[in-house]
Each structure stands twice: as C-alpha cells, then as structure tokens.
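Chains as they are written, first to last, in this note's numbering: chain A, 1 to 281; chain B, 282 to 530.
Any given hint could be a false lead.
Listed next, the stretches of chain B that the computed footprint assigns to chain A, with coverage defined by at least 3 CB atoms under 8 Å from CB atoms of chain A [claimed, not checked]: (1) 307 to 319; (2) 395 to 401.
DSBU-like, lysine-lysine: derived pairs with alpha carbons at most 30 Å apart [unchecked claim]: (3) A:Lys137 x B:Lys376; (4) B:Lys409 x A:Lys126; (5) A:Lys175 x A:Lys137; (6) A:Lys208 x B:Lys283; (7) A:Lys208 x A:Lys126; (8) B:Lys283 x B:Lys300.
Hints listed in this document are in silico derivations from the structure and should not be mistaken for laboratory results.
Cβ atoms here follow ideal geometry from the backbone N, Cα and C, with glycine treated the same way.
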Amino acid sequence: MVNLKNVTKRFGAKTVVDDLSLTIARGELFGLLGPNGAGKTTTINIIIGGLLPDAGSITLQGSGSPQDPHIKRLIGIVPQSLAVYESLTAYENLNFFGRLYGLQGTDLTSSIQRVFELVNLTDRTKDRVNTYSGGMKRRLNIAIALLHRPSLLILDEPTVGVDPQSRNAIFDTLKNLKAEGCTTLLTSHYLEEAQQLCDSVAILDEGKLVARGTVEELIALHGGQSILTVETTKGKSRIETHEPVQAIVRIHAEEQIISLKMESPSLEKAFLNITGKHLRD
Amino acid sequence: MKEIITLTRKDLQLLLLDKTSLIVTFALPVVLVALIGSVFARSFPPSSGITSYDYAFSKVMFWGVLGGLASSVASLAIEKNSGTIIRIQLAPVHKFQVLAGKALACISVILISSFLTWTFASLLFGIKTASPLNMILICFSNAVLFAGLMTFLANFVSTERAAGALSWSVAQLLACFSGIMFPIAIMPSWMGHAANFNPVTWAVKAMEIVLWTGGTFGELVLPVSITLGSGLFFFALSVYLFRWTTQNA
C-alpha cells in the first residue's frame with residue numbers, strides 16, 4: 001500500500017529523513033515511533049505529497065504517486081493539530097469537507113451520519129466545535145478524515161491530550177477500521193498504545209530507521225528479560241529471566257511467597273534499548 | 282466550480298461568526314462617513330458641487346474594503362496554522378480553486394461592505410450617484426483588485442499576527458499614495474506621478490469620477506481596466522507563488 005525507497009529530506013543543512021525505506025502492507029495497522037524531531041511528521045508529509053523528497057521515491061497503491069489526484073483521494077489524514085473550524089458546528093465541518101470530496105445529497109448525509117457513529121459523537125452534531133472537550137475535538141478530527149472512506153488512514157499523534165474515555169473510543173474506531181480492511185499509519189508518543197494497536201512498528205531516530213518489525217519481534221529482540229521482584233519469608237529478591245512463570249513455580253516450591261511483582265518486556269524497554277533514550281526525550 | 286462555491290461559502294460562514302471582522306468591515310465605514318463628513322462640513326460650500334459627505338464617502342468606502350482585505354489575508358494564515366489546509370490539500374481540489382474560493386469570498390465581503398456603506402450614505406447623508414450602474418461597476422472592479430491583492434499578500438504570511446501586520450501596513454501605504462488619505466494634488470509632483478503606478482490610485486479615481494463629476498462610462502474605461510487588470514494579475518501571481526504548507530520538520 002505504501003512504499004518508501006531510500007527517501008531523504010533535508011531542511012537546509014539538517015537531514016530530517018535519512019535514507020528511509022519502508023513498506024506498509026494493505027490492511028496493516030502500522031506504527032511509526034520516535035522521539036520528538038525524529039522525522040515522523042516529515043515522513044507523513046512526504047507520504048501525503050505535501051513535501052517532495054530530496055532523494056528516493058514514494059509510491060502508493062503499487063505505483064501511484066502521492067501527487068496524483070486519484071491517489072490523494074485514497075488518503076485520509078488526521079493531522080497532529082486539530083484541523084477543524086472551531087467556530088463552525090461539527091456537522092458544518094463535515095458538510096464542508098464532504099462537499100470538497102464531491103459528496104452530495106443523501107450520500108453526504110449518510111456519510112456524515114456514519115462517521116459520527118464511528119467516533120461516537122452523534123449527540124453533539126449541531127454544537128459548535130469550540131464547545132467540545134479536547135477528546136471530542138480529536139474524535140471529530142478523525143471523523144473528518146474518514147468521511148470519504150479512505151483506504152489509507154494516516155494519524156499523526158491522534159490521542160495527544162485526550163481523556164481515557166476518548167482514547168478508548170479512538171482505539172475502538174481504529175480497531176473497527178482495521179476489521180474493515182483500512183490500512184492505517186499511526187504515529188504516537190505512547191508506546192503502550194502502539195503495543196496494543198499495531199501489527200508492526202518502525203522506530204525512527206534522527207531521521208534514520210533504527211528498527212522495524214512486529215511488536216512481538218521487537219520486544220523479543222530488544223525488550224530484555226522479565227523482571228520479577230519477589231518477597232518471600234526469606235527476604236526480597238529481584239530476578240531477571242526470560243521464563244518468569246517457571247521461575248515463580250520454582251520459588252513457590254521452595255519458599256512461601258508473600259508478594260510478587262512482575263515487569264514484562266515491553267516496547268518501551270525495546271525502544272530504550274534500541275535508541276538509548278526514552279520516547280519523550 | 283462547485284468546489285470554489287463550497288470554499289467561498291465556508292469562508293463567508295466563518296466571517297459572519299467573527300464579530301470583530303464584521304464591525305471593521307461593515308459598520309466602521311458608515312461611522313467614518315458620518316464623522317469625516319461632519320469634520321469637513323464647512324469646507325465644501327454649495328458652489329463646490331459636492332458635499333463633505335460625498336467627499337468622505339469616496340475615501341472612507343475604501344477603509345471597509347481594506348478591512349475585508351485584512352480579514353481575508355488572515356483567513357489563509359489561520360488555515361495554514363490550524364492544519365485545515367492539509368485536509369484541503371488532500372481533497373481533490375487544485376490550488377487555483379482554493380485561492381479562487383478565498384478570492385470570491387473576499388469579493389463578496391467587499392461588495393457587501395461597499396453596498397451597505399453606499400446605501401447608508403445615500404439614505405442618511407444624501408450621497409448622490411449619477412449612475413448607479415457605473416457605481417456597481419467600480420465596486421466590482423475594486424473588489425477584484427483587493428481580492429487579488431489579498432491572495433497575493435497571503436503568500437507571505439504564516440501566522441494570523443503576521444497577516445494582520447502585513448495587510449494593514451500594505452493597506453496604509455496604498456492608502457497614503459493613492460488619494461485615500463491625502464489628495465494627490467498636494468503631493469510633490471514626482472510622488473503624484475509615482476502614484477499612477479499604484480492600482481489603488483485608479484480605483485480612487487474611478488470612484489471620484491462617479492461621485493464627483495458624474496462621469497460617463499467612457500471616462501471609467503481606463504481606471505476600471507487598470508483596477509480589474511491589476512486584480513487579475515495579482516491573483517495569477519498568487520496562484521503561481523502559492524505553497525500549501527510552510528516547510529518544517
């Protein structure tokens with residue numbers, strides 16, 4: 001669905017995306033992760049045709065260029081900023097963007113209704129967006145991107161600053177879209193989010209691709225061992241192991257366990273091991 | 282064309298919800314006609330053929346137009362900052378259509394402002410217009426000129442604050458050297474000649490011909506052509522210069 005080959009983008013002397021090659025398969029929910037300034041948003045801008053790469057190529061849907069109007073129509077974008085008209089109502093926002101995509105009459109009305117249901121905003125359609133909570137605005141931001149039924153949905157930090165309820169609603173929406181076969185590219189600061197949602201992820205650091213694989217692969221390769229903190233009648237101990245269940249069984253056979261805490265390998269740990277920094281650095 | 286109308290309608294909707302822009306664009310010119318007309322009341326004896334309100338109207342009308350220009354320049358900066366421009370960029374619309382939609386909204390705002398000021402000035406202060414058709418023609422050509430200028434200026438700003446600063450600075454300069462603020466007759470001769478290269482000078486000349494001398498259509502051909510042509514030139518230039526986003530990492 002998306003194929004980047006040796007893409008490089010520079011702003012002045014700074015190389016923001018450095019020889020990036022990436023493939024996203026049709027129907028995949030793909031996470032693009034990296035600290036601030038890693039080049040995620042620039043990569044997205046290149047994929048949607050907003051920026052031209054200085055070197056390399058980008059193709060969508062096999063051989064299409066993102067500059068091609070027919071290809072552009074297949075993309076839905078959820079920018080990091082709230083790309084909505086705050087003084088208009090949610091309905092007026094959707095009505096405007098729907099018309100830009102050529103939707104009219106009952107097609108437009110039913111599409112608006114569909115996306116309102118998808119993001120669970122049906123009870124506030126006639127309210128001005130500036131009366132919405134941050135989470136509701138984020139959901140509307142997603143709804144607008146879904147209006148024309150894109151086959152590639154790109155979300156740039158879609159859950160920044162949202163309450164847990166809205167975050168869950170956004171997760172549900174993404175899972176439903178995946179079930180419908182929509183290819184999704186997601187950037188996020190929240191690794192647990194990527195771990196929960198993504199089929200595979202790529203980690204960017206300073207414009208370079210430093211790791212790529214399924215979440216499970218990255219955790220297995222770079223996530224380290226499980227850490228058990230066990231308190232028994234004989235005292236407290238910390239054990240690092242790849243086989244925590246067997247370790248617990250073994251300890252339980254020898255001693256009486258008073259308390260037990262287990263830290264599993266995670267994408268967060270894998271990220272730290274790969275890049276040497278936390279995601280928010 | 283549908284896309285252009287959709288974009289225009291959205292911009293007009295947003296303007297109607299912005300009370301400050303509404304006041305600057307629609308109410309301020311009427312208030313200024315009353316104030317400036319009163320200030321110069323004794324300077325225009327009946328023998329002069331025009332009243333102080335005729336004089337005030339021919340100048341002040343442009344301030345409403347400039348208000349419309351400023352709010353329209355800001356609207357494109359707001360789109361670029363909020364990210365809505367990215368959505369519009371991805372939609373199946375050409376940059377020409379986006380700018381045409383903005384320009385059409387700006388033309389509509391300027392025409393509404395001009396007609397409102399004209400109506401109130403006629404009803405309240407007895408402004409006489411020999412040919413309403415000629416008046417409509419120059420209101421339209423003025424609107425095209427300022428809409429073209431608006432789309433041109435919008436290329437050079439990336440924030441709402443910059444849009445306000447640039448559009449009002451340019452507006453002041455154009456007003457200074459066109460006869461809106463000071464009569465060209467009192468300027469040094471070189472400055473008077475240089476003012477002919479300012480398209481707004483021709484918009485003011487056309488307005489004076491219609492209001493002060495009741496001139497014929499023939500007399501309006503040159504100033505209206507220059508005004509319309511300049512507007513279209515600035516619009517074409519802005520389509521060429523337009524970039525969807527400010528490049529950043």
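Verification of the hints:
1. For a cut-off of 8 Å, the count of residues in the segment 307 to 319 of chain B with a CB near a CB of chain A stands at 0, and the three-residue condition is violated.
2. By the rule of at least three residues with a Cβ nearer than 8 Å to a Cβ of chain A, the coverage given for the segment 395 to 401 of chain B is violated, with 0 such residues.
3. Pair hint Lys137 (chain A) plus Lys376 (chain B) holds up; C-alpha atoms about 27 Å apart against a cutoff of 30 Å.
4. A hinted pair counts as satisfied when its Cα atoms are at most 30 Å apart, and Lys409 (chain B) with Lys126 (chain A) does not qualify at roughly 46 Å.
5. Note on Lys175 (chain A) and Lys137 (chain A): the hinted pairing holds, with a Cα-Cα distance of about 19 Å set against a maximum of 30 Å.
6. Only pairs whose Cα atoms come within 30 Å are accepted, and Lys208 (chain A) paired with Lys283 (chain B) is rejected, the gap being roughly 43 Å.
7. Using a Cα cut-off of 30 Å, the hinted pair Lys208 (chain A) and Lys126 (chain A) is violated, with the two alpha carbons roughly 45 Å apart.
8. For the hint linking Lys283 (chain B) to Lys300 (chain B), the alpha-carbon distance of about 28 Å falls within 30 Å, and the restraint holds.
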